[in-house]
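K.L.:
So you can see what is in the structure, the chains are spelled out below.
Number of protein chains: 2
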Amino acid sequence: MPLTFFTPGPAQLYPTFEKHLQTFVAGQLGSISHRSQQYRDLHRFTVEQLRLLLNVPDTHAILFLGSASEAWERILFSCVELESFHLVNGSFSKKFYDYSNALNKYAHKYEKPMGQGFSAAEIVVPEYAELMCVTHNETSSGVQMPVAEIHKLKTKYPDKFIAVDMVSSAPYPELDYSLIDNAFFSVQKAFGLPAGLGVWIVSEKCLEKARLIKEQYSIGAHNDLLTLWKNAKNNETPATPNVMGIYLLGKIAEDFNSLGVSNIRKDTERKAQLLYQFIQSHDAYSAFVNIKEYQSQTVVVANTTLPSADVIKGAKAKGLVVGSGYGEHKATQIRIANFPATSLEQTEELIKVLGDL
Amino acid sequence: MPLTFFTPGPAQLYPTFEKHLQTFVAGQLGSISHRSQQYRDLHRFTVEQLRLLLNVPDTHAILFLGSASEAWERILFSCVELESFHLVNGSFSKKFYDYSNALNKYAHKYEKPMGQGFSAAEIVVPEYAELMCVTHNETSSGVQMPVAEIHKLKTKYPDKFIAVDMVSSAPYPELDYSLIDNAFFSVQKAFGLPAGLGVWIVSEKCLEKARLIKEQYSIGAHNDLLTLWKNAKNNETPATPNVMGIYLLGKIAEDFNSLGVSNIRKDTERKAQLLYQFIQSHDAYSAFVNIKEYQSQTVVVANTTLPSADVIKGAKAKGLVVGSGYGEHKATQIRIANFPATSLEQTEELIKVLGDL
Numbered sequence: 000m001p002l003t004f005f006t007p008g009p010a011q012l013y014p015t016f017e018k019h020l021q022t023f024v025a026g027q028l029g030s031i032s033h034r035s036q037q038y039r040d041l042h043r044f045t046v047e048q049l050r051l052l053l054n055v056p057d058t059h060a061i062l063f064l065g066s067a068s069e070a071w072e073r074i075l076f077s078c079v080e081l082e083s084f085h086l087v088n089g090s091f092s093k094k095f096y097d098y099s100n101a102l103n104k105y106a107h108k109y110e111k112p113m114g115q116g117f118s119a120a121e122i123v124v125p126e127y128a129e130l131m132c133v134t135h136n137e138t139s140s141g142v143q144m145p146v147a148e149i150h151k152l153k154t155k156y157p158d159k160f161i162a163v164d165m166v167s168s169a170p171y172p173e174l175d176y177s178l179i180d181n182a183f184f185s186v187q188k189a190f191g192l193p194a195g196l197g198v199w200i201v202s203e204k205c206l207e208k209a210r211l212i213k214e215q216y217s218i219g220a221h222n223d224l225l226t227l228w229k230n231a232k233n234n235e236t237p238a239t240p241n242v243m244g245i246y247l248l249g250k251i252a253e254d255f256n257s258l259g260v261s262n263i264r265k266d267t268e269r270k271a272q273l274l275y276q277f278i279q280s281h282d283a284y285s286a287f288v289n290i291k292e293y294q295s296q297t298v299v300v301a302n303t304t305l306p307s308a309d310v311i312k313g314a315k316a317k318g319l320v321v322g323s324g325y326g327e328h329k330a331t332q333i334r335i336a337n338f339p340a341t342s343l344e345q346t347e348e349l350i351k352v353l354g355d356l
Numbered sequence: 000m001p002l003t004f005f006t007p008g009p010a011q012l013y014p015t016f017e018k019h020l021q022t023f024v025a026g027q028l029g030s031i032s033h034r035s036q037q038y039r040d041l042h043r044f045t046v047e048q049l050r051l052l053l054n055v056p057d058t059h060a061i062l063f064l065g066s067a068s069e070a071w072e073r074i075l076f077s078c079v080e081l082e083s084f085h086l087v088n089g090s091f092s093k094k095f096y097d098y099s100n101a102l103n104k105y106a107h108k109y110e111k112p113m114g115q116g117f118s119a120a121e122i123v124v125p126e127y128a129e130l131m132c133v134t135h136n137e138t139s140s141g142v143q144m145p146v147a148e149i150h151k152l153k154t155k156y157p158d159k160f161i162a163v164d165m166v167s168s169a170p171y172p173e174l175d176y177s178l179i180d181n182a183f184f185s186v187q188k189a190f191g192l193p194a195g196l197g198v199w200i201v202s203e204k205c206l207e208k209a210r211l212i213k214e215q216y217s218i219g220a221h222n223d224l225l226t227l228w229k230n231a232k233n234n235e236t237p238a239t240p241n242v243m244g245i246y247l248l249g250k251i252a253e254d255f256n257s258l259g260v261s262n263i264r265k266d267t268e269r270k271a272q273l274l275y276q277f278i279q280s281h282d283a284y285s286a287f288v289n290i291k292e293y294q295s296q297t298v299v300v301a302n303t304t305l306p307s308a309d310v311i312k313g314a315k316a317k318g319l320v321v322g323s324g325y326g327e328h329k330a331t332q333i334r335i336a337n338f339p340a341t342s343l344e345q346t347e348e349l350i351k352v353l354g355d356l
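Chains A and B, in that order, are what the protein sequence lines are. Just so we're aligned: the first sequence equals residues 0 to 356 in numbering that gives the first Met the number 0. Just so we're aligned: the second sequence equals residues 0 to 356 in numbering that gives the first Met the number 0.
Isolated chain A (complex conformation) (with noise of 0.2 Å):
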């Protein structure tokens, strides 16, 4: 029986990946030279689709990485010469803290206990801060920044740079890239794609600043944002890539701007709604998030009366795949991810047999 994976990443994989992995196979694109125009053709295809997903502008460039990971570290060693600022809410923005610390940068941070958000109204940015590392969706708790308070952090500190870790939850947020200097996502979340890949993009300010930390500190030397840059330019990348991974990524957003973001971005309110109703209405379960503006739109995150253990092995039993709580909420609480590779129609099927065990 095949499994239907309700996981926050690795996740369900989009129906149309089989279909775009015989075409990338058939072609014979896993041996074309990343120097060729062929390649450059299929590298521009991807970016341009990204870009009209996402309502990127030409100020900003679209990288490819090997992870979201590298994205953090290649955003603070391009963006900060001496200080970072980090909202803490959950293990990834406590990474993206860590990394920060690890480059001997000083990184300051506002944390707050796991399944809390923060609002703009509320954050002081210290004085020196040059960057503001804001995660959109904590995948590890299930918070969501609203878009609307990312925008305004930035509009109240205009001249620091801001980057924003939408890695469970691109294309969802819709984010004015006139305000974002950094945003970066990976495609086994909500892509439906196997991991293996991040994308980050990236506002020529931030390539500027790079330029200007470059004549006293260091700014890494693989995929170092210069180089990265100036091989963008020329649809390609300095080493190399996950050429699969870009084909596929860039046919998925094809598949996903022919449905219109706007839709994809309704059916994921619609389904979340509908997950949300269930585990709020249901004796066996209560939402970890309470405040409903914080409640993450793409993974949902539940406390479960039931051991979690039994709850994931019920669901399993039924070929529903749903994710364990993160780090000490393991046993207690069950992560659900509401990726546009699940259905409204599975979505319900999750919710009958959830209700039912």
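Take the hints with a grain of salt, since some may be wrong.
Treat identical chains as interchangeable: a pair holds within one or across any two.
Subject to a maximum C-alpha distance of 27 Å in a straight line, what follows is the list of computed DSS-like cross-link-like pairs (lysine-lysine) [claimed, not checked]:
#1 Lys329 with Lys291
#2 Lys108 with Lys213
#3 Lys291 with Lys155
#4 Lys232 with Lys329
#5 Lys18 with Lys153
#6 Lys93 with Lys232
No wet-lab data here; the hints were simulated from the structure.
Chain B: place on chain A using the hints.
P.N.:
For chain B alone, coordinates are given in the frame of chain A:
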């Protein structure tokens, strides 16, 4: 008509690639959690097959990165506090050197023109250089450094670390890991897989050194050696890895082990012998590398009397793809990959086609 790729990477995919890919897809392995026992078993299988294939002892970890270029950076971060030393005789050995400068290390080099090789006897490593960076197979020029010379170099300087770039030759070189501290390769060369995965073989001594360096300097944040090593002990990676690439690499390594690595090495040498005999005897071609012991067994580079674009076009019309020369030699050379994915019969066919042009 399907093409046969004799290009030096991305290259011809290994004949069993499609079968393994289908198994991956059918098993829904693109959706499994990278923190599950199922993933850890997959990861361990690949490491075990590589350990067997390359004869890697337990003193060394086998780690996964986004590309071999990333390995350059991670090795420099981990083994060099202040100074590195590089043998440079082509574009890729030059990039390793450039990476060291970009990380603000002091990089020494001993440089020769493209096409020339190195022997241990002639090399003098500066006193304070901590790491010797050597390229077993310079993909840009088709020069190899004989394994015996690499071992001699380490024996001459036993207190310095050594890193061996075997990107476009592994599993051909039979390295003695009691001497070799670091070696690395990527999967889109002789392993016949799509690009997007690098492999770093690294010793416990490097781990100790990285710990010492970290007391004073940054050793990077993403895929830093301490975190990679700790995760590898548990058959995991710090970030979500290219699970598909790791799975396929394990299956191809298993196929290689079934054939026996000594047979693969013998086949490689037999095919290389045919290719060199041909280009040395035919008026339209000549070997770029003149000294036999420096002639790469896996990337054969030939000067062409015709413009190389005409040779490439003529071969392609017969379904055979060879690579162009690299950089300044683009118009006057061809590069022929001699990897396990192309058989003796296909090599003989290529020789016939090139001979008839």
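K.L.:
Give a verdict on every hint.
P.N.:
Quick rundown of the hints versus the structure:
1. Lys329 with Lys291: Within. Shortest intra-copy distance 23 Å satisfies the 27 Å Cα cut-off; inter-copy 60 Å does not.
2. Lys108 with Lys213: both (25 Å within a copy, 22 Å between copies)
3. Lys291 with Lys155: within (24 Å within a copy, 67 Å between copies)
4. Lys232 with Lys329: Classified as between; 22 Å across copies, 44 Å inside a copy.
5. Lys18 with Lys153: neither (41 Å within a copy, 50 Å between copies)
6. Lys93 with Lys232: Between copies only: 23 Å across, 33 Å inside.
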